[in-house]
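Novice: Using the sequences and the hints, build the whole thing.
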Amino acid sequence: MKHNTKTLALILTAAALAAGCASKVPLEEKKDVPVETRSGTGAGAAGGAGSGAPASQVTTVNTGASQATSAPRIVYFDFDSFTIRDEYRGLIESSARALAGSRNRKVVVEGHTDERGGREYNLALGQKRAETVARAMTLLGVNGDQVEAVSFGKERPAAQGSDEAAWAKNRRAEIKDK
Amino acid sequence: MTRPLLSAVAWRRRDWCVGAAASLAVLRVSAQFRVEISGVGATQIPVAVAPFRDEAGAAPSLGVVSAIVRADLERSGVFKLVAAPNVVEETAQPNLPEWRARGADALAGGSVARLADGRLDVRFKLWDAVKNQDLGGQSLAVPLADMRLAAHRIADTIYEKITGDKGVFSTRIAYVTRAGNRYALRIADADGEGGQVALNSPDPIISPAWSPNGRELAYVSFESQKAVVWVQDVATGARRKLADFRGSNSAPAWSPDGSTLALTLSRDGPSQLYLIGREGGAPRRLTQSSAIDTEAAFAPDGKSLYFVSDRGGGPQVYRMGTGGGDAQRVTFNGSYNISPAVSPDGKNLAFISRLGGGAFRLHLMDLASGTVTALTDTNDDESPSFAPNGKLIIYASTSQGRDVLMTTTLDGRIKAKLLSTGADVREPVWGPFNR
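As you go down the protein sequences, you meet chains A and B in turn. One point on numbering: in numbering that gives the first Met the number 0, the residue at position 40 of the first sequence is 39, and numbering is uninterrupted. One point on numbering: in numbering that gives the first Met the number 0, the residue at position 165 of the second sequence is 164, and numbering is uninterrupted.
Take the hints with a grain of salt, since some may be wrong.
Computed beta-carbon distance windows for the label pairs [what the hints assert, rightly or not]: (1) A:G160 to B:G333: 25 to 35 Å; (2) A:I73 to B:S288: 23 to 33 Å; (3) B:S288 to A:A165: 24 to 34 Å.
These are calculated hints, taken from the structure and not from any lab test. Nothing here was measured: the structure is a model prediction, and the numbers come from that model. Glycine is no exception: its CB is placed at the ideal position from the N, C-alpha and C atoms.
Specialist: Here it is in structure tokens:
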């Protein structure tokens, strides 16, 4: 799939121009939303005093930049499977040892799926993969509050493509430092 | 402001048949979408929409009122437009037998005027050319930014007078675009025009859901590197975290009265359904299974909801009361049925079914009989959502390797393709009548 950011920018500009207003208003900073700005793009110069806000008004919220994370340790899964393959037991044990020896450290386990199927069902499937890895770590002595299982479903593939090679790289759980 | 119109009963009873169905292709270029329509209904009603007086200079950047009305009626597949090159005002006394001779069963005309306070006064009138009758009209005073909305409301009135069903031309759709690593939650008119951005993010956005009053969108954003459910006021941009519990928070669905949302949370382990108040607070667990329960959709009476569970092995649609209790399985054909959407009258269930070859296709179940029909012949259908009048379903699919939005009638005969100009589009959801 091709992505044309220039065209998107044109669309956004056109939408802003059509609405006649695109001033950016910085708002309060939030803890996990580093920067959030809103810009009114519906009100425009329409009407006069007392005409009320247009029913078509939409105000844009911009979230902050995506946060960079350290290189993850990755556990891959077979198709339609939530079982940890033997080859990854060592990786999970070493991750668990490091956490058990340092109770202040925390990790997040992100579950991912391949692209086939619905977004929400895949989110739940990815969550199940993440839970499997997180549970394996707690069984190895990690405290429950040191590891959080989350899911991106099929939303953040590691490899692009619609073949088994890409799908195999995308069926995974990533262990990331928090 | 609205003068009452005559009953539509006489219109509905008339035989509008125009012979055998022919194929129709309409191409329109717009800022956000190119719209392609294929197929027509068994009958098409010939109508003429004349240019409105003084409409050309009213708000050229937003379009021309009568052209928007014509495009709406044509896109519905229900009407055939009869040429009407000259202005007809709402105060005119058109020679209706002459319009009848030109093939028009109905005629609409009107005017656009700028009021002293800057608003537009958009007026129109509808005539029945067959019965040689004035069917009344409307005067809509709107801010300039709502000119397209006024035109869509006129199209809605014409549609309702002639078909007896409420029109959805003045409703909005929300959807998500992705261009590279930029995601945007967008809102557009039902014709794909007037697109505006509600949320820009470098992280994925999924599962938008309109509040029943049309003012808020719930959605799942991954901006904090996990799935969190937000609710955002569309007009002001004010937003709040509805659910940010340990694990994933997803699949928001509003109750019909807008007081409650159903969600999928993994805070207690497996992905399960919970209910939470619209302002947040403590969620109440609804399902108690060791399987995946997700994608809740309320029945219109608010007393039960449909959802997806893989408690029987693969994912299937189930139904249960919002007060809890046992769930009954609803889908039985095939091994993978997801993304249920209930029609506004509660009689039909749209969902996505995986076929033998790995195709994901939009299906419709008549809930009374259990009869299931495939509505498309495409392979990557996702995310069905009913128009508030129940006459159309919008869904995501792919066409020639691109993500597209599609609408279909419930019999699958008339489809419209909304091709975006720059980004991939997905996760469409049709807003309510209110806005």
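Novice: For each hint, tell me whether it holds in the structure or not.
Specialist: We went through each hint and held it up to the structure:
1. Separated by about 26 Å at the C-beta atoms, G160 of chain A and G333 of chain B satisfy the suggested range of 25 to 35 Å.
2. Distance hint for I73 of chain A and S288 of chain B: a CB-CB separation of about 30 Å, consistent with the stated range 23 to 33 Å.
3. The hint said 24 to 34 Å for the Cβ distance between S288 of chain B and A165 of chain A, and at roughly 32 Å that hint holds.
Of the numbered hints given earlier, the model fails none.
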